[in-house]
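Engineer: Model the placement of chain B on the given structure of chain G, informed by the hints.
Number of protein chains: 2
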Amino acid sequence: MAGRRWYHVGGRIVTVENRINGALPIQTATEAASKVPSEATVLVSGFGSVGYPKAVPLALAESAQNHSLTVISGGSVGEEIDEALVTAEKIERRFPYQSQPQLRAAINENRVAYHDRNVSDVADELQYGNLADPDIAIIEAIAVGEDWLIPSTSIGQTPAFVESVDQLIVEVNSSQPLALQAVHDIYRPGPPPEREPIPLSSPGDRIGQSKVEFSPDALCAVVETDRADSPYSFRSPTETDRAIATQFGEFVREEMERSSVYDDSLRLQFGVGSLGNALMGELNEMSFDGREVIYYGEVIQDGLLDMIDSGRLSSTSATSLALSEDGQKRLFEDIDRYSENIVLRPTDVSNNGAVIDRFGVMAVNSAVEVDIYGNVNSTHVGGTTVLNGIGGSADFNQNALVAVCTLPSVLADKGISRIVPKAEHIDHTEHDIDVVVTEQGVADLRGLSPLERATEIIESCAHPDHRDSLREYLQKAKTQGGHIPHTT
Amino acid sequence: MAGRRWYHVGGRIVTVENRINGALPIQTATEAASKVPSEATVLVSGFGSVGYPKAVPLALAESAQNHSLTVISGGSVGEEIDEALVTAEKIERRFPYQSQPQLRAAINENRVAYHDRNVSDVADELQYGNLADPDIAIIEAIAVGEDWLIPSTSIGQTPAFVESVDQLIVEVNSSQPLALQAVHDIYRPGPPPEREPIPLSSPGDRIGQSKVEFSPDALCAVVETDRADSPYSFRSPTETDRAIATQFGEFVREEMERSSVYDDSLRLQFGVGSLGNALMGELNEMSFDGREVIYYGEVIQDGLLDMIDSGRLSSTSATSLALSEDGQKRLFEDIDRYSENIVLRPTDVSNNGAVIDRFGVMAVNSAVEVDIYGNVNSTHVGGTTVLNGIGGSADFNQNALVAVCTLPSVLADKGISRIVPKAEHIDHTEHDIDVVVTEQGVADLRGLSPLERATEIIESCAHPDHRDSLREYLQKAKTQGGHIPHTT
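For the record, the sequence lines run as chains G and B.
Heads up: the first sequence runs through residues 1 to 488, numbered per the numbering used here.
Heads up: the second sequence runs through residues 1 to 488, numbered per the numbering used here.
In short, the hints are calculated from the structure, not lab data.
Check the hints yourself; a few may be wrong.
Remember, identical chains collapse to one label, so a pair may be satisfied in a single copy or spanning two.
The calculated EDC-like cross-link candidates involving lysine to aspartate or glutamate, where the alpha carbons are at most 20 Å apart (straight line), are [to be verified]:
| # | residue 1 | residue 2 |
| --- | --- | --- |
| 1 | K476 | E109 |
| 2 | K478 | E109 |
| 3 | K35 | E62 |
| 4 | K35 | E224 |
| 5 | K478 | E92 |
| 6 | K476 | E456 |
| 7 | K35 | E89 |
| 8 | K35 | E163 |
Same shape as in the complex, but just chain G (with noise of 0.2 Å):
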């Protein structure tokens, strides 16, 4: 493990010990956003709300001068972002993940333009795909020299973002820790036609290096800052929760013998949120028969962080760092022993298809509902109103060996049921989802026909309150006839 806190320079390993290294245009976040044009597409970075830059988005939000902007991030940023720059109507376009109210609100009402995007199409569509035309980027950084930089607690699309700018404004923020350098591994995919694959062999493996590089040119400003990431706050697991992760547990165990696949090892990714949160913590309670458990996801919560602690999770690889505060301070203060066990990725790397297949990995993400034939709504309330977004769930669902939905079988406070009839919107079709899983039971859908699934969702994962209701539903489609029934 010797050399994970180091980046490598021509075969030297070193390890950058100042945040300001060089003579660089160092400005206040005011002068620094005046280099924002009045109309203008602008990358920030950003995943899991942490390692968003915070100063020059607050600055911009105060600038006398209006503001209509094109705002992509890696995924989900904080409240400097998605609040202030919404309230003083600058955004006119935001994507592709978001999960702040006062964003939310404004899509919902259309103030904001939104596309909603799988996370891992990003890149490649903003450099190649015609996805926007990039203006300026802003980088929320530990350290920064002439042409290189080190991000803070995510990496999400940035090595794509600075590639693809001729203007950038990094921000260095003194309230990240400097040994989160030990914890990057920053690999960008070369371009199609002649891309090769992603050498990553095992989810631990470094592949490239702590610093992503840039033309020194394009360095416009840098502002100094230690405003902190806001940090996540979970929920206690619920009743509920707890009894979803049994059935999980239950489903898992299972698998583990059927299949040997999961011989010497289980990899796994889970959704962000405090159900995936819970699950974790049923993992931390199991057996693995000395199996080696990994994960590969997009996130590290703070489960990830017991799990390490527990010596039940070898190796750790993720985009983003979304911690509690609690969270957050644990790994700040052990961060040498963490970085034995923990890599930050792009989400070229974190979200690759390619890679989720190869290492067989089994993903585990949420719902809002799922239908009786296994379509699966992840972002829109009655079909219309979105909550986040696609994010990740995608890139695993449908790269996954198994993808497995899980999700309370009724929403608690109404008593509505989750499994529903029809799905209202659809993220994720029946042709990307193999079990589902609520805190009623488990339903393994693979090789089984429409009706089958139907019987096998309503009888194992619906609420006992709902299922009759369902099954007349079924019962009344199936006079209508037609391989996916629907009465009309």
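Structural biologist: Same frame as chain G, but now just chain B:
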């Protein structure tokens, strides 16, 4: 190009000159059929309705024994399986794709349980993923030895199928030319979690051999036959097909101008069918300014032979030769020349998401209907009645650099719009579709919000006769609010 017509054994180059090689258990079709248990999961070769076994399935259909079979194929197969065995009521369950009217009717009447599956998933899920527990494989070959066979007009899932069973029946078909060995390139990715990347750096590369190998203990019968594949029949392009092709050609021209990814070459995939064939006709008229044009897809149709003949297509990679009678004749009579430009691969490679991504493929697939927000139904009429199945369309749409959906704006004979307010079934979500093309025009959806997409699709792609009612729907939906407005 030397060596193309041979397979390699320990460094030596060998051409197979005999169909039967060694002391093999040659049997009649009836004898071989008796090896299939009454209740069994039977794997059959075949993709694009060619290269499937014929004699043994017909003998099975005629057998007095009762059968209740799960039949899993590479892709679509001919009437000897999906008509004869259905009429004899011997198929209980069928995946992953079908295209014969008798089976389709049985599926829609729920007499056969159908699991409609992305073809790229089948091999892995069969070997590692709990899709089914196979008993026996029946594979069509042009030649067979004690521990190898050479596939005929399609490869499909044959390598994985042969690896998955203890009992193997080989049909050696003398109506298929031995020279077909020149186009085969058999490479099956190893198992996860230590799976290596597929070592393909260009669509025309050869990374395997002509032969599929198996354990000699598995071979329980070799059956000789000369029954030909039923060739495809394509309708002549309609005026609408030609108008769609013209619109698509215009999009391709603009895309080549816009993106440096296409500076040296253009890599395309087309869905099987008459419209796909018409689109290739359009490309055969286009100027590519010296760019190499390459096909990386599932099936080789007549239009691709035309492009090879005209020197426009430098390389063609697929898993099946889905040709018309004329096309098959052209290919078979001149296979030496065509084999310079044609490679057939297993679906694990032809439909592999990683390779599609690395090559920057532009995917072009058709649909039953598209909704105003860009969701695509490609399988179920009215949301309930299945046509063929999803096939490989999601493999390409999900991993392509640009996913294009081409379809006529209306059902020709009914005046019904194929641009609809809300798709009745969704196979490809709004997150995976980039561009919609009808005979009316091109809607480029990249970077657009749902409301912007709706306007773009209605105004550019819908038929003028239907635009008013779609505009009305959108207006009414907007009054109800939300990110993706719908009327309730």
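Engineer: Against each hint, give a clear statement of whether it holds in the structure.
Structural biologist: We went through each hint and held it up to the structure:
1. Within a single copy, K476 and E109 get their C-alpha atoms only as close as 37 Å, which misses the 20 Å cut-off; across copies the closest is 15 Å, which meets it.
2. In this assembly of identical chains, the alpha carbons of K478 and E109 lie at most 20 Å apart only when taken from different copies (10 Å versus 39 Å within one copy).
3. When the C-alpha separation of K35 and E62 is checked against a cutoff of 20 Å, the pair qualifies only within one copy, where the shortest distance is 14 Å, while the shortest distance between copies is 79 Å.
4. Proximity of K35 and E224 under a CA criterion of 20 Å is satisfied intra-copy only: 16 Å inside one chain copy versus 76 Å between copies.
5. Taking the shortest Cα distances, K478 and E92 sit within 20 Å of each other only across copies (19 Å), while inside one copy they are farther apart (46 Å).
6. With identical chains, the CA atoms of K476 and E456 are at most 20 Å apart within one copy only, with a shortest distance of 17 Å there and 38 Å across copies.
7. When the C-alpha separation of K35 and E89 is checked against a cutoff of 20 Å, the pair qualifies only within one copy, where the shortest distance is 19 Å, while the shortest distance between copies is 73 Å.
8. For the identical chains of this complex, K35 and E163 are intra-copy neighbours only, at 18 Å inside a copy versus 61 Å across copies, given an alpha-carbon limit of 20 Å.
The structure shown violates none of the earlier numbered hints.
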